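Number of protein chains: 2
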Amino acid sequence: MASVKVYGPAMSTAVSRVLACLLEKEVQFQLLPISLAKAQHKTPDFLKLQPFGQVPAFQDEGTTLFESRAICRYICDKFTGQGNKSLMGVEGGGPAERAMVDQWVEAEAQSFNPASTALVFQLVFAPGMKLKQDPAVIKENEMKLKKVLNVYERRLGETRFLAGDEFSLADLCHLPNAHYLVSATEKGQLFTSKKNVARWWDEISTRPAWIKVLEMRSTTV
Amino acid sequence: MASVKVYGPAMSTAVSRVLACLLEKEVQFQLLPISLAKAQHKTPDFLKLQPFGQVPAFQDEGTTLFESRAICRYICDKFTGQGNKSLMGVEGGGPAERAMVDQWVEAEAQSFNPASTALVFQLVFAPGMKLKQDPAVIKENEMKLKKVLNVYERRLGETRFLAGDEFSLADLCHLPNAHYLVSATEKGQLFTSKKNVARWWDEISTRPAWIKVLEMRSTTV
Chain A
1 MASVKVYGPA MSTAVSRVLA CLLEKEVQFQ LLPISLAKAQ HKTPDFLKLQ PFGQVPAFQD
61 EGTTLFESRA ICRYICDKFT GQGNKSLMGV EGGGPAERAM VDQWVEAEAQ SFNPASTALV
121 FQLVFAPGMK LKQDPAVIKE NEMKLKKVLN VYERRLGETR FLAGDEFSLA DLCHLPNAHY
181 LVSATEKGQL FTSKKNVARW WDEISTRPAW IKVLEMRSTT V
Chain B
1 MASVKVYGPA MSTAVSRVLA CLLEKEVQFQ LLPISLAKAQ HKTPDFLKLQ PFGQVPAFQD
61 EGTTLFESRA ICRYICDKFT GQGNKSLMGV EGGGPAERAM VDQWVEAEAQ SFNPASTALV
121 FQLVFAPGMK LKQDPAVIKE NEMKLKKVLN VYERRLGETR FLAGDEFSLA DLCHLPNAHY
181 LVSATEKGQL FTSKKNVARW WDEISTRPAW IKVLEMRSTT V
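Order-wise, the sequence lines are chains A and B. FYI, this note's numbering numbers position 138 of the first sequence as 138, with every residue one higher than the one before it. FYI, this note's numbering numbers position 193 of the second sequence as 193, with every residue one higher than the one before it.
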């Protein structure tokens, strides 16, 4: 059995981020389902793995980790010689190359993620949970996301991907939330109406690793 | 002149984070003031450095970066042989050691920062800007911050610092927001009422690098 274990449902955006990274890096892993509906992420055993009671949790030999972006960086650093070798920057690029990826991972985490997570919750998960949508929250976060994507539009007019001319962890981190918005809401035009963002989205969302994550979502809980 | 340049006001929490890191690493730098009141962070020239119009921006030789946590990781990776050598994990610890720091940097960024930033804005900056405080926002974020600090209290009962027994970037990242809450609001008891968190806060907030940042704040714009 693979030593790498991911705990969580594949439908979770944070879990999907880690799965996409493992598949890009061609790392064997086990996905151990955690039911959020049954509150399995709040059990004492799970809290030993993830003290905030969130998914995913991650294990590799003696290492237990949480936080999807930290897990992804670990996967890149641990399995440096296999699969996609430029997720954290082109090989031999040094600290500046790595930092260029890292700043766009942070832009995703600090700017893209809060607005897109609020929209995904309101437009995708709330209806499924029979919760009422909040039009003010939707409007506010759509405005915020537009501003972020305006920055991306300019950047992607200069470079093929966010951190440069190679697909990297910075692009990968956007896949889960953007996928929900483009495929399951009417807000996809936020992406598809912008020339460079639309080209970028087409390219990153059709990568084999991400297609495989989507297949896992349809076949696992 | 030092080749490292930080653009932004020292009173900004994100700028302070970078300054604390540079001082821990004993890196020479220039701090170039950017007036938020005069909207200098929205000028075309500044937007070339920081496309989101936020502070800080950072330059080192040919490298221009934004996002404080990405800048801090870059400083640790670039100036690996000087100053505090365990900010990104004890030397020779490998990917797992680095990831342990990184997951707690992410916990700060994803859990501590949103709640504490909302409180700092409401309780410190809003009154200074003659903006009305929102009691519902204060209450909601105080609850969120309490939950985060409950996790920290348990963690800090096991280890001296968040990532282990050495001070790291994970602890450092908390300094700016926590300082405002402890020193300039009535919410300091969120920290000081918890045995382990209080001990941790005493230790990290009295480090010479942080004291120096506070001195810079009082002598620069």
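Among the hints, erroneous ones may be present.
[Said to hold, decoys possible] Pairs of lysine to any residue, SDA-like flavour, derived with a Cα cap of 20 Å: (1) LYS78(A) - GLY93(B); (2) LYS147(A) - LEU49(B); (3) LYS147(A) - LYS48(B); (4) LYS78(A) - GLU158(B); (5) LYS144(A) - ALA118(B); (6) LYS147(B) - LEU47(A); (7) LYS48(B) - GLU158(A); (8) LYS146(A) - ASP134(A); (9) LYS139(A) - GLN122(A); (10) LYS187(A) - GLU203(A); (11) LYS146(B) - GLU158(B); (12) LYS130(B) - LEU49(B); (13) LYS78(B) - LYS194(B); (14) LYS48(B) - ARG154(A); (15) LYS147(A) - GLN54(B); (16) LYS42(B) - VAL148(A); (17) LYS85(A) - TRP210(A); (18) LYS144(A) - GLU97(B); (19) LYS48(B) - GLN133(A); (20) LYS48(A) - ALA96(B); (21) LYS195(A) - ALA118(B); (22) LYS194(B) - LYS130(B); (23) LYS5(B) - LYS144(A); (24) LYS147(B) - PHE46(A); (25) LYS144(A) - MET216(A); (26) LYS194(B) - SER183(B); (27) LYS144(B) - PHE52(A); (28) LYS187(A) - ALA118(A).
Since the hints were made in silico from the structure, they are not lab data. Quick caveat, the model's predicted, so the values are computed rather than measured.
Violating hint indices (sorted, rising): 4, 12, 13, 18, 19, 21, 22, 23, 25
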